[in-house]
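So the protein sequences, as listed, match chains A and B. Under the numbering used here, the first sequence has 295 at position 295, and the numbering climbs by one with no breaks. Under the numbering used here, the second sequence has 136 at position 136, and the numbering climbs by one with no breaks.
Calculated directly from the structure, the hints in this document are not laboratory data. Any given hint might turn out to be false.
Taking CB as the label site, the calculated pair distances span [what the hints assert, rightly or not]:
1. HIS242/B x LYS91/A: 21 to 31 Å
2. SER315/B x PRO338/A: 50 to 60 Å
3. TYR287/A x SER96/B: 29 to 39 Å
The list that follows gives simulated cross-link-like pairs (lysine to aspartate or glutamate, EDC-like), each with its CA atoms no further than 16 Å apart [to be verified]:
4. LYS107/A x ASP132/A
5. LYS194/A x GLU344/B
6. LYS165/A x ASP21/A
7. LYS165/B x ASP243/A
8. LYS314/B x GLU348/B
9. LYS136/A x GLU103/A
10. LYS224/A x GLU348/B
11. LYS111/B x GLU135/B
12. LYS194/B x ASP112/A
13. LYS2/A x ASP94/A
14. LYS368/B x ASP283/B
15. LYS194/B x ASP75/A
16. LYS194/A x GLU268/B
17. LYS194/A x GLU235/B
18. LYS314/A x GLU348/A
19. LYS194/B x ASP232/A
20. LYS224/B x ASP132/A
21. LYS165/A x GLU268/B
22. LYS224/B x GLU268/A
23. LYS177/A x ASP88/A
24. LYS314/B x GLU344/B
25. LYS224/A x ASP232/B
These stretches of chain B come out as covered by chain A in the derived footprint (C-beta under 8 Å, 3 or more residues) [claimed, not checked]:
26. 52-60
27. 144-151
28. 167-173
29. 198-207
30. 319-332
Yeah, the Cβ is synthetic: ideal placement off N, Cα and C, and Gly gets one too.
Listed below, chain by chain, are the residues.
Protein chains: 2
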Amino acid sequence: MKISVTGLGKAGLPLAAVIADAGIEVIGIDIDEKKVEVINKGINPITEETGLSQLIKKHGGNKLKATTRFQDAKDCNVHIVIVPLFIDKNKNPDFSLIKIAFENISKILKKDDLVVLETTVPVRTTEKLVKDILEKNSKLKAGNDFYLAYSPERIMTGYSISRFKQFPKLVGGIDAKSMEKAFEVYKKFTKPVKVRDSRTAELAKIAEGIYRDVNIALANELFKVAEHYSIDFWEMRDAAKHDYCNILEPGNVGGHCIPVYPWFLINELDVPLIKVARNLNDDMIDYYAKKVDEISGKRVGIIGLSYREGVKEKSYSRAVDFIRLLRKRGYKVYGMDPLYSREETEKEFGVKYLDNLNDMDVIILMNKESKYANQLKNIKNKVIDIKNVLGN
Amino acid sequence: MKISVTGLGKAGLPLAAVIADAGIEVIGIDIDEKKVEVINKGINPITEETGLSQLIKKHGGNKLKATTRFQDAKDCNVHIVIVPLFIDKNKNPDFSLIKIAFENISKILKKDDLVVLETTVPVRTTEKLVKDILEKNSKLKAGNDFYLAYSPERIMTGYSISRFKQFPKLVGGIDAKSMEKAFEVYKKFTKPVKVRDSRTAELAKIAEGIYRDVNIALANELFKVAEHYSIDFWEMRDAAKHDYCNILEPGNVGGHCIPVYPWFLINELDVPLIKVARNLNDDMIDYYAKKVDEISGKRVGIIGLSYREGVKEKSYSRAVDFIRLLRKRGYKVYGMDPLYSREETEKEFGVKYLDNLNDMDVIILMNKESKYANQLKNIKNKVIDIKNVLGN
Numbered sequence: 001m002k003i004s005v006t007g008l009g010k011a012g013l014p015l016a017a018v019i020a021d022a023g024i025e026v027i028g029i030d031i032d033e034k035k036v037e038v039i040n041k042g043i044n045p046i047t048e049e050t051g052l053s054q055l056i057k058k059h060g061g062n063k064l065k066a067t068t069r070f071q072d073a074k075d076c077n078v079h080i081v082i083v084p085l086f087i088d089k090n091k092n093p094d095f096s097l098i099k100i101a102f103e104n105i106s107k108i109l110k111k112d113d114l115v116v117l118e119t120t121v122p123v124r125t126t127e128k129l130v131k132d133i134l135e136k137n138s139k140l141k142a143g144n145d146f147y148l149a150y151s152p153e154r155i156m157t158g159y160s161i162s163r164f165k166q167f168p169k170l171v172g173g174i175d176a177k178s179m180e181k182a183f184e185v186y187k188k189f190t191k192p193v194k195v196r197d198s199r200t201a202e203l204a205k206i207a208e209g210i211y212r213d214v215n216i217a218l219a220n221e222l223f224k225v226a227e228h229y230s231i232d233f234w235e236m237r238d239a240a241k242h243d244y245c246n247i248l249e250p251g252n253v254g255g256h257c258i259p260v261y262p263w264f265l266i267n268e269l270d271v272p273l274i275k276v277a278r279n280l281n282d283d284m285i286d287y288y289a290k291k292v293d294e295i296s297g298k299r300v301g302i303i304g305l306s307y308r309e310g311v312k313e314k315s316y317s318r319a320v321d322f323i324r325l326l327r328k329r330g331y332k333v334y335g336m337d338p339l340y341s342r343e344e345t346e347k348e349f350g351v352k353y354l355d356n357l358n359d360m361d362v363i364i365l366m367n368k369e370s371k372y373a374n375q376l377k378n379i380k381n382k383v384i385d386i387k388n389v390l391g392n
Numbered sequence: 001m002k003i004s005v006t007g008l009g010k011a012g013l014p015l016a017a018v019i020a021d022a023g024i025e026v027i028g029i030d031i032d033e034k035k036v037e038v039i040n041k042g043i044n045p046i047t048e049e050t051g052l053s054q055l056i057k058k059h060g061g062n063k064l065k066a067t068t069r070f071q072d073a074k075d076c077n078v079h080i081v082i083v084p085l086f087i088d089k090n091k092n093p094d095f096s097l098i099k100i101a102f103e104n105i106s107k108i109l110k111k112d113d114l115v116v117l118e119t120t121v122p123v124r125t126t127e128k129l130v131k132d133i134l135e136k137n138s139k140l141k142a143g144n145d146f147y148l149a150y151s152p153e154r155i156m157t158g159y160s161i162s163r164f165k166q167f168p169k170l171v172g173g174i175d176a177k178s179m180e181k182a183f184e185v186y187k188k189f190t191k192p193v194k195v196r197d198s199r200t201a202e203l204a205k206i207a208e209g210i211y212r213d214v215n216i217a218l219a220n221e222l223f224k225v226a227e228h229y230s231i232d233f234w235e236m237r238d239a240a241k242h243d244y245c246n247i248l249e250p251g252n253v254g255g256h257c258i259p260v261y262p263w264f265l266i267n268e269l270d271v272p273l274i275k276v277a278r279n280l281n282d283d284m285i286d287y288y289a290k291k292v293d294e295i296s297g298k299r300v301g302i303i304g305l306s307y308r309e310g311v312k313e314k315s316y317s318r319a320v321d322f323i324r325l326l327r328k329r330g331y332k333v334y335g336m337d338p339l340y341s342r343e344e345t346e347k348e349f350g351v352k353y354l355d356n357l358n359d360m361d362v363i364i365l366m367n368k369e370s371k372y373a374n375q376l377k378n379i380k381n382k383v384i385d386i387k388n389v390l391g392n
């Protein structure tokens, strides 16, 4: 057996490394030439991922060979695709990367191969879009000539490798044979759990994200309620907690998972609760901007620019929208994040670098950013602690 | 120490019995003369409450003396009030029973007495409404002359006595001294937990109900989503379950707790998520009516008429509204419930008694009603299983 993994990002690379570590030959495919080169030298490009460096050092260029060419994977008999799926400005899914990946796979697809999608996708993507692309180009028939399954990644950047062991890995096929085939393969490097079909596995993955989105929205709404009554939300939350009540932590919801998945349903079906929750979480920056308005002074320092502490990623960071909003309201915005240099901060986020906390009228702690805890202690009364909710 | 408990209903009587069982003299006050008489004879009027009959047999008429007269409690130095609070047609709380209770308590209130409210109430009820009534009539000052606290009941009919041991009993005062005082008293018969103030305890109780309401609404919405995609909801739910995802069971939400508490906030504040969730759960009967429409035939049998299995109570039962709705749509509705006789069924619910399941075109299982499980097995294809969600 030889497995190709398309997409060596935060989800794909840990997966490829874990497969290689199970003794299976892996061809890792990515469009990023530099990344490919680095991996083949045994260097881990995703340093925030615990345990990954060790695996890449061991297997990069050996058991795990990275490449930009799909042709290099032509003798693989299992093809796993785990490329990003973003939503566009209208919150509609942009399938372009998925399409490219499967068009390329279809050209090297052979009889009896197994193809598995891991990207979180709208319900029925595997059995429709993916199947169609693969069949059209390969002239092979899914279920007959090759097998097709869906197995959602359940990673969380920083903890992805341990999650492979902790979390059941759902496996659902477009038919029973595909599921069985995928189950046998995944058993070699993780703990698969059989699910009736691919669409059930697709919805399960979306649902777990929505569960968190709705429950964080509930926490945000209860936070505002508590504030209205001059009640300490955190104490109230503790008091309410028991076996049948688990109110989550309030805050912003960033990242490319939780703020994205609900739209797979919102734009297709009538789901008022999921929609209200999504908008409520997104609108929390307005609520925080109003908090800033209550403080006199125009200099606002933002600590934590990426979508969450410890992950260097700007996309779906609520800080980006928050900076824009504060600017619109006439504030001078400064920022810093332990993962971004002065130059990166100014270039990527369009804010001045936050050199001196004491110069600010208010400090917004967007992420936890424990690194600054001591510095912030001295200017506690200036700090609004938001805490980005773990996004992925 | 001698304690009065006002309200010997499903919440008050177990509490009074537990206090008596701790060796403390209790005066139980209720307007229902017959109930009072029965209790004093050692007979338990709430037979569905596990373990209660034993306690009433032991203490009724002895340690626990029931009465209809507040004057009989004039030498009590602790007064606990645990009367129902309903909402009216406009979903506004009806404080009349609470007002009557405290007006009567205020007439027997003495210096250094402790007064505790246990009924679930809108935030600040204790420190405003209750305090005002007590002070006005007694000419005593809360916090100075007497102590006033809030400690929400967390019972669930059938399991109330074990819950006293399982669940932390929140205690919050209108001031620190009241809280300490209440804590010392409650320590004698339960496991109290100190909360900053009465309003924090009030909101905690409302929030735990809302947590369930919103999460059941989410389950209902995801149930509809799954159905749209021809996915087995229950299998999807199992697949999605892990440490950070716990989707509840979908169904109707009946009872006098969960469907009531959200309105304490909805009618006061802007809480769109809580409001959408509440309406979504209430509207599930429309969804089920549409299911009935899909079946040919006009005879509908409803099994389970009370708000949930094992509790003989009509108020806030979704069956009542569902029967009305089905009638409006032209159905002939029959009903049965193991707790109601033929006469009670026809009189209280205005439906014909469901004698023969085979005569029906469709059977709606509103509650679990495990008693009928065998009978239903044979006509499985006719049954729509709704399952009322535990209301209280």
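Checked hints:
no. : hint                            : in the structure
1   : HIS242/B x LYS91/A: 21 to 31 Å  : holds, 27 Å
2   : SER315/B x PRO338/A: 50 to 60 Å : holds, 57 Å
3   : TYR287/A x SER96/B: 29 to 39 Å  : holds, 37 Å
4   : LYS107/A x ASP132/A             : holds, 13 Å
5   : LYS194/A x GLU344/B             : violated, 49 Å
6   : LYS165/A x ASP21/A              : holds, 13 Å
7   : LYS165/B x ASP243/A             : holds, 13 Å
8   : LYS314/B x GLU348/B             : holds, 8 Å
9   : LYS136/A x GLU103/A             : holds, 9 Å
10  : LYS224/A x GLU348/B             : violated, 42 Å
11  : LYS111/B x GLU135/B             : holds, 12 Å
12  : LYS194/B x ASP112/A             : violated, 65 Å
13  : LYS2/A x ASP94/A                : violated, 30 Å
14  : LYS368/B x ASP283/B             : violated, 20 Å
15  : LYS194/B x ASP75/A              : violated, 67 Å
16  : LYS194/A x GLU268/B             : violated, 47 Å
17  : LYS194/A x GLU235/B             : holds, 10 Å
18  : LYS314/A x GLU348/A             : holds, 8 Å
19  : LYS194/B x ASP232/A             : holds, 14 Å
20  : LYS224/B x ASP132/A             : violated, 27 Å
21  : LYS165/A x GLU268/B             : violated, 47 Å
22  : LYS224/B x GLU268/A             : holds, 13 Å
23  : LYS177/A x ASP88/A              : violated, 35 Å
24  : LYS314/B x GLU344/B             : holds, 11 Å
25  : LYS224/A x ASP232/B             : violated, 36 Å
26  : 52-60                           : violated (count 0)
27  : 144-151                         : violated (count 0)
28  : 167-173                         : holds (count 3)
29  : 198-207                         : holds (count 7)
30  : 319-332                         : violated (count 0)
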